[in-house]
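Taken in order, these protein sequences are the chains called A and B. If you're matching positions, the first sequence starts at 853 in my numbering and goes up one per residue. If you're matching positions, the second sequence starts at 853 in my numbering and goes up one per residue.
Among the hints, a few may not be true.
As the list claims (entries may be wrong) - Result set (DSS-like, lysine-lysine): computed pairs, CA atoms no more than 25 angstroms apart in a straight line: (1) A/1146 - A/1191; (2) A/1199 - B/1251; (3) A/1196 - B/1076; (4) A/1251 - B/1199; (5) B/978 - B/1267; (6) A/1252 - B/1196; (7) B/1076 - B/1199; (8) B/871 - B/978; (9) B/1196 - A/1196; (10) B/978 - B/1196; (11) A/1196 - B/1247; (12) B/1196 - A/1041; (13) A/1196 - B/1251; (14) B/1252 - A/1199; (15) B/1247 - B/1041; (16) B/1196 - A/1191; (17) B/1252 - B/1151; (18) A/1076 - B/1196; (19) A/1076 - B/1252; (20) A/1076 - B/1267.
Hints are computed from structural coordinates only; laboratory data are not their basis.
2 protein chains.
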Amino acid sequence: MAFTEFRPLDENSLIEYIKATPSLFSKIGDSHDGLKIKEVGDGNLNFVYIVVAPSGSFVIKQALPYIRCIGESWPMTKERAYFEAMALKEHGVLCPRHVPEVYHFDRTMSLIGMRYLEPPHIILRKGLIAGVEYPLLAEHMSGYMARTLFYTSLLFRSTTEHKRAVAEYCGNVELCRLTEQVVFSDPYKVSEYNHWTSPYLDRDAEAVREDNVLKLEVAELKSKFCERAQALIHGDLHTGSVMVTHDSTQVIDPEFAFYGPMGFDIGAFIGNLILAFFAQDGHAGQGNDRKMYKEWLLKTIEDTWNLFHQKFTALWDENKNGSGEAYLPAIYNNPELQKIVQEKYMKELFHDTLGFGAAKMIRRIVGVAHVEDLESIKEASVRANCERRALELAKTLLKKRREFVSISGVISAMKQVQS
Amino acid sequence: MAFTEFRPLDENSLIEYIKATPSLFSKIGDSHDGLKIKEVGDGNLNFVYIVVAPSGSFVIKQALPYIRCIGESWPMTKERAYFEAMALKEHGVLCPRHVPEVYHFDRTMSLIGMRYLEPPHIILRKGLIAGVEYPLLAEHMSGYMARTLFYTSLLFRSTTEHKRAVAEYCGNVELCRLTEQVVFSDPYKVSEYNHWTSPYLDRDAEAVREDNVLKLEVAELKSKFCERAQALIHGDLHTGSVMVTHDSTQVIDPEFAFYGPMGFDIGAFIGNLILAFFAQDGHAGQGNDRKMYKEWLLKTIEDTWNLFHQKFTALWDENKNGSGEAYLPAIYNNPELQKIVQEKYMKELFHDTLGFGAAKMIRRIVGVAHVEDLESIKEASVRANCERRALELAKTLLKKRREFVSISGVISAMKQVQS
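Just chain A, same shape as in the assembly (with noise of 0.2 angstroms):
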């Protein structure tokens, strides 16, 4: 059985997949007896079926040519599987510890065959919403993110190594261009694909429409979405793209990745966090308060950005005469001066993150696809007052990011909207 073109599979054509691609087939032994096939994709896009047998198991995502969860009325190129494959296999080398081995990427089927993260490996998101702290979280996230993203930038690559990477995943431009819609146009227009908490936050998604200062400001970044290859970014970096245990942490998803602004990673990250604390009070119940778990994601909020600075940092004085060529050693190597330097990038890149992580909260909350976060907030009107708090902080942090210096005047800022 041979599968020379493109078609979706179902759990029985999937079994004969298997048994003819040896470095899927070998995952689970010469026999599949006792073979369990269950398709779990719960994400927005992709068909995803987890594999396994007594000795072994896998993973198998498949992307289909349009957007799950809308339907066949929004295509979408299933060529983003390959910028998937790649991603995962270039940030696994870089991070092996976080990224999930990859097995088989099959271009013309659209399908990645890779580790399976066995129980139990839950999707963030969900470990967030039901109040539980994993201690390791933000040193393995922002080990992640240092490593990912200084290894694939000008500071660690020469120029002709980074214009060759940029002109190939320049290809994934429709997934590109599905974040330029939904993150940096949609929230601030009348869009069919729009919704919010009505009638209570009709006046703040109309105050959106009709915020010039932020639509200004959101420019800017989408400009730089756009324009500014900076290095090999996930794309899509929200805490339903992590996968975790107490002790496990691993990225997922990167079908999204291209060269672009590493803010807008870190922001996705740190901007899912900040929404997941506005949406506590909306969990909190009998017994519950989630006032501890609030301070517990105030802290890996703050830790996350502190210890990825340390770690980008450390990384650049580690590398800082290699093969980088942004800063050249001859040019740049006295101490002083390799300061200044350290310090205007990470400015610079701190106030990208606050305002992707900002633009990212706001299309949450009035644009089209939503966080469980929030939406699994039953009372209405509750989740409404915790998502006008959570875009009231989106926007401050939109407009006035390079007003704040440090990670602890976003904590500040976050806890006065709260109280």
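Go by the hints and put chain B onto chain A.
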């Protein structure tokens, strides 16, 4: 006779080549009696032949796999001819009035056949040295830059078109690297290629290498040059890349073309006009103190930016409901917002222009390739005085560019340095 693989042409083999190439042969009629061929490449990189027959003419430009002015010791891909031909064609469509027509391109031979810019066309730089006024220069160059930059930016293009083009021009990385080295790196470190008017400028060159603030600013510009795909820029828009008569202005030699920051082109042109200005005292002689000419240069610099600003924003206004995806009309189509958006955009572009212009000036004084404006001043002490003033202004522009709010402020700073 077939040219199935690359070979450098000489005047004899060029005749054979022309005979075998209908798009060229047709330009000079059926007979090649009276055909005259002259090698005139006085540029740094290529061989250029003028081909004139009684019934027509053209120019043949062939790239060799090294930098002509340095020799085979500095290899340089001859693929640059491909990018030059593409840029000539693309910019030619956008601005046919100021870009010579391409008749023929042969990628194998790295050979372009194009319009011969007949006398009295001369290289603008030579006209500026001779003290010739070109009353339409600012008008023409501002138009060329406004059209080529606007129409290849996201103000006019969709992201899909943009990313496809960006990817293609990533292939011109070797030429980008040459710029990175000679503009953003070499002047700020000890390099075998650097030279300056010694011993007069020894301290000045050393001061450039030891100026931390200058290096910090240059790093920011280099990062923009390497990472920001804003528009299809010429990439080498100095006054040696422009041919002029009293009425005609033609931009040639875009072999450095790629998707980069617009300010790099505008800055290159204005920066070279500023160099021409500071060189004038070295060309003043009996009966001509060049005072009037310096006034004309100041006015041309001022007009170039102001007319560029006017034409660029006019194109933006005309196309604000078009296909450009940076500022969607559904979001930005209110007059007040449109105004602040443009002001912000143009302010950043102005500061980029001053920064890149300054960097281009500095490299022409203490880097590898100098300009004839200054080199042709025979008396070293006189030349050094001119160069020191230009260098002083360039350092001010680079470090304090964000404090300049209009081009008239730059003119004032030039006058102050001059006095």
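A quick look at each hint next to the structure:
1. Distance restraint check for residue 1146 of chain A and residue 1191 of chain A: the Cα-Cα separation of roughly 35 angstroms exceeds the 25 angstroms cut-off, and the hinted pair is therefore not satisfied.
2. As the CA atoms of residue 1199 of chain A and residue 1251 of chain B are separated by approximately 18 angstroms, the hinted pair is consistent with the 25 angstroms bound.
3. Taking the CA atoms of residue 1196 of chain A and residue 1076 of chain B, the gap is near 14 angstroms; set against the 25 angstroms cutoff, the hint holds.
4. Proximity of residue 1251 of chain A to residue 1199 of chain B is assessed by CA-CA distance (about 18 angstroms); at most 25 angstroms being required, the pair is judged to hold.
5. For the proposed pair residue 978 of chain B and residue 1267 of chain B, the alpha carbon gap of about 23 angstroms is at most 25 angstroms, so the pair holds.
6. Using a Cα cut-off of 25 angstroms, the hinted pair residue 1252 of chain A and residue 1196 of chain B holds, with the two alpha carbons roughly 16 angstroms apart.
7. Of the supplied pair hints, the one linking residue 1076 of chain B and residue 1199 of chain B holds, its CA atoms being roughly 16 angstroms apart against a limit of 25 angstroms.
8. Restraint check for residue 871 of chain B and residue 978 of chain B: not satisfied, since their Cα atoms lie roughly 34 angstroms apart, outside the 25 angstroms limit.
9. In summary, the hint linking residue 1196 of chain B to residue 1196 of chain A is supported, as the alpha carbons are separated by about 21 angstroms, within the 25 angstroms threshold.
10. As the CA atoms of residue 978 of chain B and residue 1196 of chain B are separated by approximately 37 angstroms, the hinted pair breaks the 25 angstroms bound.
11. A threshold of 25 angstroms between alpha carbons decides the hint, and for residue 1196 of chain A with residue 1247 of chain B the separation of about 19 angstroms falls inside it, so the pair holds.
12. With a C-alpha separation of about 21 angstroms, the suggested pair residue 1196 of chain B and residue 1041 of chain A falls inside the 25 angstroms cut-off, and the hint holds.
13. Restraint check: the Cα-Cα separation between residue 1196 of chain A and residue 1251 of chain B comes to about 14 angstroms, which is no more than 25 angstroms; the hinted pair holds.
14. A threshold of 25 angstroms between alpha carbons decides the hint, and for residue 1252 of chain B with residue 1199 of chain A the separation of about 19 angstroms falls inside it, so the pair holds.
15. With a CA separation close to 16 angstroms, the supplied pair residue 1247 of chain B and residue 1041 of chain B stays within the 25 angstroms bound.
16. Between the alpha carbons of residue 1196 of chain B and residue 1191 of chain A the distance comes to roughly 30 angstroms, so the proposed pair goes past 25 angstroms and is violated.
17. Simply put, residue 1252 of chain B and residue 1151 of chain B have alpha-carbon atoms about 22 angstroms apart, close enough for the 25 angstroms limit, and the pair holds.
18. Distance hint between residue 1076 of chain A and residue 1196 of chain B is fulfilled; the C-alpha atoms sit about 14 angstroms from each other, no more than 25 angstroms.
19. Of the supplied pair hints, the one linking residue 1076 of chain A and residue 1252 of chain B holds, its CA atoms being roughly 23 angstroms apart against a limit of 25 angstroms.
20. Of the pairs offered as hints, the one joining residue 1076 of chain A and residue 1267 of chain B is violated, with about 36 angstroms between alpha carbons and a cut-off of 25 angstroms exceeded.
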